Amino acid sequence: MLRFARCYSLARTKVTRNKSTPFRPEYALKCGLEIHTQLSTRNKLFSQSTNSTTSLVDAPNQHTSFYDIALPGTQPVLNMEAILFAMKLSLALESQVNSVSQFDRKHYFYGDQPQGYQVTQHYRPFAQGGKINLSKELDGIDELSKDIGILQLQIEQDTGKSHYTDTEKDVITLVDLNRSNVPLIELVTKPDFSDIKQVKAFIKKYQNLVRHLHISSGDLETGAMRVDVNLSINEFARVELKNLPNTSSIIDAIKYEYQRQVELITGGETSSLMEPETRGWTGSSTVKLRSKETTIDYRYMPDPELPYINLAPDVISGVKRLIPQLPDDIMRMLMNKPYHLSLKDAKILTYNSNQNDMYNHEALRTYYLDTFCEFSRLVDKDGSAKLPTSWIIHEFLGDLNKLQIPLTNAQEILPPAVFAQFLRLLHVETISPTSGKLLLFHILENFKKSNCQDLSVPNFSKLIKKFGLHAINKVNSQELTEFCNDIIAQHTDDTFKQNLVSGKKKTSLKFLIGQGMRQSQGRIKASEFEKKFKEILNIQW
Amino acid sequence: MYGRWRLCGIYKVGGYILPGSQRLASTGGAKIGKKFENMDQIKNYLSQPVWSVREYLRVGVKEEKLELPSVKAVKKLLRLSGLPLEGADIEGIQMRLAKQLSFINKLHSIPVEGEEHKKEYNARLMQRKTRQLSYAGLLEGIRHQTQDVELGELSGSWKPTGLAAESKNVYFVIKEGLLKNRK
Numbered sequence: 001m002l003r004f005a006r007c008y009s010l011a012r013t014k015v016t017r018n019k020s021t022p023f024r025p026e027y028a029l030k031c032g033l034e035i036h037t038q039l040s041t042r043n044k045l046f047s048q049s050t051n052s053t054t055s056l057v058d059a060p061n062q063h064t065s066f067y068d069i070a071l072p073g074t075q076p077v078l079n080m081e082a083i084l085f086a087m088k089l090s091l092a093l094e095s096q097v098n099s100v101s102q103f104d105r106k107h108y109f110y111g112d113q114p115q116g117y118q119v120t121q122h123y124r125p126f127a128q129g130g131k132i133n134l135s136k137e138l139d140g141i142d143e144l145s146k147d148i149g150i151l152q153l154q155i156e157q158d159t160g161k162s163h164y165t166d167t168e169k170d171v172i173t174l175v176d177l178n179r180s181n182v183p184l185i186e187l188v189t190k191p192d193f194s195d196i197k198q199v200k201a202f203i204k205k206y207q208n209l210v211r212h213l214h215i216s217s218g219d220l221e222t223g224a225m226r227v228d229v230n231l232s233i234n235e236f237a238r239v240e241l242k243n244l245p246n247t248s249s250i251i252d253a254i255k256y257e258y259q260r261q262v263e264l265i266t267g268g269e270t271s272s273l274m275e276p277e278t279r280g281w282t283g284s285s286t287v288k289l290r291s292k293e294t295t296i297d298y299r300y301m302p303d304p305e306l307p308y309i310n311l312a313p314d315v316i317s318g319v320k321r322l323i324p325q326l327p328d329d330i331m332r333m334l335m336n337k338p339y340h341l342s343l344k345d346a347k348i349l350t351y352n353s354n355q356n357d358m359y360n361h362e363a364l365r366t367y368y369l370d371t372f373c374e375f376s377r378l379v380d381k382d383g384s385a386k387l388p389t390s391w392i393i394h395e396f397l398g399d400l401n402k403l404q405i406p407l408t409n410a411q412e413i414l415p416p417a418v419f420a421q422f423l424r425l426l427h428v429e430t431i432s433p434t435s436g437k438l439l440l441f442h443i444l445e446n447f448k449k450s451n452c453q454d455l456s457v458p459n460f461s462k463l464i465k466k467f468g469l470h471a472i473n474k475v476n477s478q479e480l481t482e483f484c485n486d487i488i489a490q491h492t493d494d495t496f497k498q499n500l501v502s503g504k505k506k507t508s509l510k511f512l513i514g515q516g517m518r519q520s521q522g523r524i525k526a527s528e529f530e531k532k533f534k535e536i537l538n539i540q541w
Numbered sequence: 001m002y003g004r005w006r007l008c009g010i011y012k013v014g015g016y017i018l019p020g021s022q023r024l025a026s027t028g029g030a031k032i033g034k035k036f037e038n039m040d041q042i043k044n045y046l047s048q049p050v051w052s053v054r055e056y057l058r059v060g061v062k063e064e065k066l067e068l069p070s071v072k073a074v075k076k077l078l079r080l081s082g083l084p085l086e087g088a089d090i091e092g093i094q095m096r097l098a099k100q101l102s103f104i105n106k107l108h109s110i111p112v113e114g115e116e117h118k119k120e121y122n123a124r125l126m127q128r129k130t131r132q133l134s135y136a137g138l139l140e141g142i143r144h145q146t147q148d149v150e151l152g153e154l155s156g157s158w159k160p161t162g163l164a165a166e167s168k169n170v171y172f173v174i175k176e177g178l179l180k181n182r183k
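Chains as they are written, first to last, in this note's numbering: chain A, 1 to 541; chain B, 1 to 183.
One should not assume that every hint holds.
Quick list of in silico lysine-lysine cross-link-like pairs, DSSO-like style, CA-CA up to 27 Å [said to hold, decoys possible]: (1) A:320 to B:65; (2) A:242 to B:76; (3) B:118 to A:106; (4) B:34 to A:106; (5) B:99 to A:190; (6) B:175 to A:161; (7) B:34 to A:161; (8) B:75 to A:288; (9) A:386 to A:242; (10) B:76 to A:288; (11) B:72 to A:288; (12) A:131 to A:204; (13) A:320 to A:242; (14) A:465 to A:525; (15) A:161 to A:136; (16) A:288 to A:200; (17) B:118 to A:288; (18) A:510 to A:497; (19) B:72 to B:106; (20) A:465 to A:344; (21) A:344 to A:131; (22) B:35 to A:106; (23) A:106 to B:119; (24) B:65 to A:106; (25) A:106 to B:75; (26) A:106 to B:43; (27) B:129 to B:99.
No wet-lab data here; the hints were simulated from the structure.
Since the model is a prediction, treat every value here as computed from it, not as a measurement.
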């Protein structure tokens with residue numbers, strides 16, 4: 001809090017004009033984030049009770065030790081896994097890990113805080129400094145590149161959950177302490193954001209990073225990640241925005257608050273903007289929660305039951321070795337030689353959406369890279385890099401989703417070396433793309449019908465022969481002319497033909513080619529059809 | 001000062017004391033005396049105060065000279081502490097707080113030398129120099145996590161709301177009045 005007060009005061013920054021937001025350059029937005037992230041450690045922070053991953057369906061107060069509900073006489077024991085996770089995140093953010101950090105008590109009374117204080121890191125946090133880089137190339141911000149600085153990272157306890165009910169006679173609060181003492185990392189950024197795109201990009205990037213490091217589910221919806229916003233305009237005091245349950249709330253609240261403050265400034269009513277205040281988001285507007293006069297005195301004190309975290313130098317070097325290649329590096333690798341993936345495809349292989357049960361991005365990336373490697377061995381060096389991309393990311397994934405087959409199962413009958421063989425058939429045009437799609441779907445559908453039990457590797461040659469899927473490379477010109485004439489007769493009239501031949505509706509040719517491909521089951525190349533239709537209809541363009 | 005205290009590690013992993021909960025145990029500067037013969041002797045021994053705040057203050061605390069904290073400050077503290085204002089012995093609390101403040105002021109008046117001792121984050125009764133946590137120690141600490149049923153750490157092994165005066169559907173119940181309107 002104090003740090004923010006310093007960072008935000010008398011601050012003037014230039015705002016990039018952004019057409020998608022109502023920001024005006026004369027009212028410079030200055031914004032920082034405070035993000036609480038639940039760590040997915042096996043156990044809680046200062047007890048060994050279970051840190052549940054199924055919090056939404058758990059019975060209340062099921063995962064609570066004597067310590068978690070603050071029975072008198074209980075004492076904290078630090079969970080080392082939280083140190084490991086905090087270290088991983090700090091190193092990934094290039095933060096300076098303090099060799100000595102400590103836990104402190106932050107006192108306040110609330111029903112879901114049974115100890116009467118939260119154990120946090122006030123005096124000496126776990127790590128300080130660091131950054132997340134946002135770029136136009138990868139994150140779609142307006143600037144070519146922008147670093148968002150990190151002020152600090154601290155480890156702390158989560159609180160329980162309060163459910164407010166309104167019974168006939170009395171208003172009561174039901175308290176579930178399953179979440180009490182779950183480890184959190186609070187990350188505080190510098191007030192470096194100057195528009196909405198940067199905020200959005202940062203949240204997405206940070207969310208993916210914690211998932212990538214396997215330290216948190218990063219879900220905003222379940223509260224595993226919670227974002228508070230600090231915002232100020234020109235030289236005025238900072239306003240903290242709370243109760244922002246998802247990205248759209250965060251964005252809408254910033255836009256609303258910006259607009260509110262601009263209106264106050266333009267209306268000359270700036271007295272309320274002279275002192276910092278805390279505001280909540282109702283879903284449609286921000287409302288005042290606390291001002292300077294009602295600021296809570298947290299009476300911080302060093303925790304007298306927890307020794308300092310005193311890290312030997314080899315901890316940092318040891319944990320560094322555990323850090324995987326980071327998402328930005330992976331993205332750049334995939335978008336460059338030899339893969340040349342588009343930004344969208346690279347993101348599919350790098351970003352964990354947590355929304356697909358059929359695969360996770362890491363397994364998919366490994367599968368893609370291995371298949372690419374195998375395929376490169378089978379074809380020329382300059383062989384099409386697009387084939388593995390389009391066939392794995394689009395066709396194969398599409399089939400898996402449609403048939404509800406997990407990637408791990410499908411890999412058993414189509415390991416990278418086998419999939420590479422399939423791609424080679426397409427590369428050398430043994431089968432057309434249309435036949436390839438039929439063949440791949442047939443193989444996976446049969447596998448699904450066996451309840452993913454038939455693990456025999458598919459014999460492509462046999463299947464191609466069985467279903468007559470061989471591409472017809474030498475097409476009989478007379479037969480093709482008759483075939484195309486039939487299509488023209490079935491699907492066109494004089495107006496259609498006139499518009500097509502005159503070039504008024506060039507796309508009509510694609511329609512005819514599509515019909516030809518469809519009726520020939522893709523065995524005849526599209527280029528053959530194009531040539532023949534142009535010849536028959538005497539198309540000159 | 002630390003010479004009179006020793007640290008009692010609670011959790012041990014492979015001989016390494018986890019830097020978790022440690023309770024300070026005082027030897028109280030005790031010395032070995034005669035062997036106790038019966039319970040009365042023990043009770044008698046324990047009933048005799050062996051030290052007094054006055055020894056450390058050197059001068060007596062005269063109540064009439066105490067500077068009482070204001071009623072407003074006492075009420076604020078009660079609110080902060082989640083204690084009821086209704087029926088509170090404000091005068092009594094003022095007096096007790098004044099004595100405690102006087103004691104703390106005395107402590108503050110003792111000269112402290114060295115920058116390290118003046119740092120706010122060191123203001124606690126615990127060892128400042130703790131054993132370093134090595135990488136191997138960190139991994140070992142993670143490997144040896146076990147749930148202790150005697151500490152209620154096993155999910156569903158006990159009913160936390162069973163201790164509460166009021167509960168509903170295994171939730172703790174808090175009256176709204178405790179959370180809000182606490183003037």
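Structure-based check of each hint:
no., hint, result
1, A:320 to B:65, "61 Å, violated"
2, A:242 to B:76, "26 Å, holds"
3, B:118 to A:106, "21 Å, holds"
4, B:34 to A:106, "47 Å, violated"
5, B:99 to A:190, "44 Å, violated"
6, B:175 to A:161, "15 Å, holds"
7, B:34 to A:161, "56 Å, violated"
8, B:75 to A:288, "25 Å, holds"
9, A:386 to A:242, "46 Å, violated"
10, B:76 to A:288, "22 Å, holds"
11, B:72 to A:288, "26 Å, holds"
12, A:131 to A:204, "15 Å, holds"
13, A:320 to A:242, "34 Å, violated"
14, A:465 to A:525, "19 Å, holds"
15, A:161 to A:136, "39 Å, violated"
16, A:288 to A:200, "24 Å, holds"
17, B:118 to A:288, "38 Å, violated"
18, A:510 to A:497, "13 Å, holds"
19, B:72 to B:106, "24 Å, holds"
20, A:465 to A:344, "36 Å, violated"
21, A:344 to A:131, "24 Å, holds"
22, B:35 to A:106, "47 Å, violated"
23, A:106 to B:119, "18 Å, holds"
24, B:65 to A:106, "34 Å, violated"
25, A:106 to B:75, "20 Å, holds"
26, A:106 to B:43, "40 Å, violated"
27, B:129 to B:99, "33 Å, violated"
In this structure, the hints that do not hold are numbers 1, 4, 5, 7, 9, 13, 15, 17, 20, 22, 24, 26 and 27, in rising order.
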